[in-house]
Structure formats: structure tokens, C-alpha cells
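Top line first, the protein sequences correspond to chains A and B. Okay, so the first sequence: first residue is 1 according to full-length UniProt numbering, each after it adds one. Okay, so the second sequence: first residue is 1 according to full-length UniProt numbering, each after it adds one.
The set of hints was computed from the structure by calculation and includes no laboratory data. No residue lacks a Cβ here, since even glycine has one placed at the ideal position from N, Cα and C. Worth double-checking, as some hints may not be accurate.
Covered stretches of chain A, going by a simulated chain B footprint (3 or more residues, C-beta under 8 Å) [said to hold, decoys possible]:
id	stretch
1	9 to 23
2	60 to 67
3	93 to 105
4	137 to 145
5	158 to 171
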Amino acid sequence: MITESKLNATDAVIADTVLAGDYYMKVVKAGQTMRIVDLEGNQAADTLFYSAADPSERYSAMDTIREQGNVFLTTGTVLMSNECNPMLEIVADTCGRHDTLGGACATESNTVRYDLEKRCMHACRDSWMLAVAENENFGMTKRDITHNINFFMNVPVTADGGLTFADGISAPGKYVELKAAMDVIVLVSNCPQLNNPCNAYNPTPVEVLIWD
Amino acid sequence: MSEQANYTTTIPAASHWSLRVRRGMELRIKDIEGGANLGMLFYNPEDLLERYNAPDTLKCQHTFKLTKGNCLYSDMGRIFCSITEDSLGWHDTVCGNSTKSSIAKRFGDKNYQQAGNQWHQNGYTAFLVELAKYGLGKKDMAANLNLFSKVSVDDLGNLSYVADHSQAGDEIVLRFEMDTLVLLHTCPHPLHPAGKYPAKPVAITLQQAEAVADDDICLTHCAENGRGFKNNALYLAGDAGFTSATGHHGGCHDH
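Excised from the complex, chain A in its bound form (with noise of 0.2 Å):
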């Protein structure tokens, strides 16, 4: 459902850019809102979230999806925990539609899904091992790297049970805005992705606002 945010982008207290192939992680604090921008248009921000008090607790995506009967995520979407907690609320969203059930690229996937040769090419699951390993004081590792959220990508389920990576539908400065219910460690991974032309195989970057 498209929505627009009544916040404005100068009273935000944080404002990053993260380029295509980077990582972002910081912490949320319960009732901060949070707003992913797709600067460029058609880049998938690759999504993460812990409590920031137990980063045993994360976002579940097969909790999320059962939980709303739905395997979209759009403006009243409750990001649910593994514990079912609800973590984030997408208060707005101009982009209408994002996916949680395709999962990041990784170098090992990437050769099964585009060429044995590929395994050396930069990939989201790399960006996320660079973050745990540089982060540690979060003290998390390979372990902790779950089945995510892919803002601003478009994953239809078919009738018949077909996977589809349809065309993107986001545009250059369309965005998602979650409300977060606790305190949350936010882990992106800016998609590097070179063989899908759902980003014309041209990755940019996104930004991430956070208001208090």
C-alpha cells in the first residue's frame, strides 16, 4: 500500500549513504523510525534486524509471513521476531511491494544460479561476513546471518507455485519507513549483485534516515 511519510528528511538525526556493495550497521532505539531511500531506483537493500538486547532475537521471515498471511511486506506489515515479537512496523512505503522470501545473493549461490565461475564475484552474504567480523562487539557471526528482507524488490508467487523475479518497482527516490517497537541492531547489506538485470546490473546506492 503506498503511503507517504510526513517526516521530513532535515529533521532527521542520522542521515548515511551506503554505496552499492557496502554494509550498514547501527542500532535503532525503540521508537526511532528508520527510512531505507532507493536513491537511484531498482537496488534491493538487503535487511537484517536483531534486538539489540538479545541479537538471539531476529527478524523471523517465515514468522512475518504466516503471521500477516502474506509474503509481501507493505505500509502495516509487523516485522516479527522469532519469538514473535513484533520489531518494526513500515509505517510508509511509496514503493508498494517488497520481498522477504528470496533470500541474499552469496558467491556460493551465484554459481549455482548463474555460472560456477561466478564464486569469486562480490555478493550480500560476503558484505554480512565483512560486518560480523568488523563488528564484533555485537559479538555475532555466521550463525546469527538468517533468511532476510529484500526492500524495493519484487518476488511474485504464481498460481502455480512458480518463482518469479519480476521487474522492479521502485524508481529513484522511492523508500520505506519502519517505526521500530524496540531496540534493534539494523544490518544492511547494499546489494552488489552484477548478474540479475532486475538492477539493469548496474548497483547504486541507498540511504538510510533515522529520526527520533
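Here the structure of chain A is known, so what remains is to put chain B in place on it, guided by the hints.
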């Protein structure tokens, strides 16, 4: 053919178990009474950080449902096992597990002291117990399979649980392409509609699989699966029971 004995057993309703399955073996699973749900997760026993990855499984094969011809992938681009037979055509892998609270809400809370083996066990707790046996915990609980259960999706993304999908006698066969730690439970699907707790057992048979032929339905299902088998071959390169670079099992039948 070898003298190797088949192992057959019944997994009672509301139960959990785990077993290490060697590559080259197949697991035949039967819904004995109809209406079963089998929660299942896979780990690499040599590296417990390698585990079943539902998103990779779905996107590598452009499918939302699992059936004959599909391979079940790890997060490392390898195939734990292939679905070589399936009388159902659709198994779920996105809806996760029932929980203690969801079971209590739907069917009433029946604990072990009250009900013994007829208690209302839930899938999440069942997996936690099996995970702990290997030093694993809730961090390690990935999106699981729900064999015998169908959940379809409409154009707007709405889920619907398909009742009466699996009938008595329905079967699925998993052929293991690498050594795999298999965790399973027989707790209800989390979207099973309210009513009586569906206490449904399954029967399993573990036996030697036929060697993977060049025209194998899982190997040839899509180009992606061909590459997945090649990743397994690389992983098993130099292994005595694994002689072909294309990933075919060799020598297993000649003991």
C-alpha cells in the same frame, strides 16, 4: 545388489528425532493416516554452520513449492538431498513452525504430565531439543520444510493453507547427495486450522539409493541443479565413494 538391510520405523505423532544420513542413501517418508506434517531441517555434520537454506532452494529453482525434481540446497551452494519421488506435488518451506502459544491457542495446552505421549508438542520446541543435542540453539533454526503440507499464494500475496492435501499412503523420497544431519518433527503445520490437534504419525524407510544417472530427474531439472551437483562433486573430490566429476555416486552398490 548388496545385502544391505533396509531400516523402517514409524515416527509417532507429536515427536521429534534426528539422524545422520550418509550420501547415497534415500529416505522414503509415508503419510500413514493422511493429514501428516513433517517438519525437517538439514545441517552438514562436518560443519554445523552449513544448513538448509530455503531462499536459495526456492530462487535457484524458480519455485515456491517443493516437489519431485527439486533439490534442497545448503547456504553453501550445495545439495543436501534431491526429491526423487513425490505423490503430492507440493510441500511448504516458508511457514516455519508451530509454537507453544500457537498450539495452546488452537488446540488447547496438553502438557506431558497430563497427556504423556498424547501431549500437544509444538514444532519450535521439538527442533530446539534436537538442535541442543549438537550444541546448536535458536540462532541455528533456519526456515524449515513442512513436508505433506500445502500453502498457496494469490496474486496479492495472501497465503492459504490447503486442507486435506495429503492422503493416507502419500509418499516422498529424499535421496541424499552429501552426508546430512536430518532433524525432524511430526508436529502440526503452523497454519493447520483450529479443531482437534492433528496427531499424525509418518513411516520412514532408509535404504541405499540407486546411483544418479545422467538423465536423473533432479540433476536435469534445470541448469542450476546441474551446477549444484558439480558443487557437491567438488566438495567430495577425492572421496572413495564418489568417483565422477559430474557428481554421480560410484561404487556404492558393489560391496
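Item to check | Violated hints - listed by number, lowest first | outcome: 1
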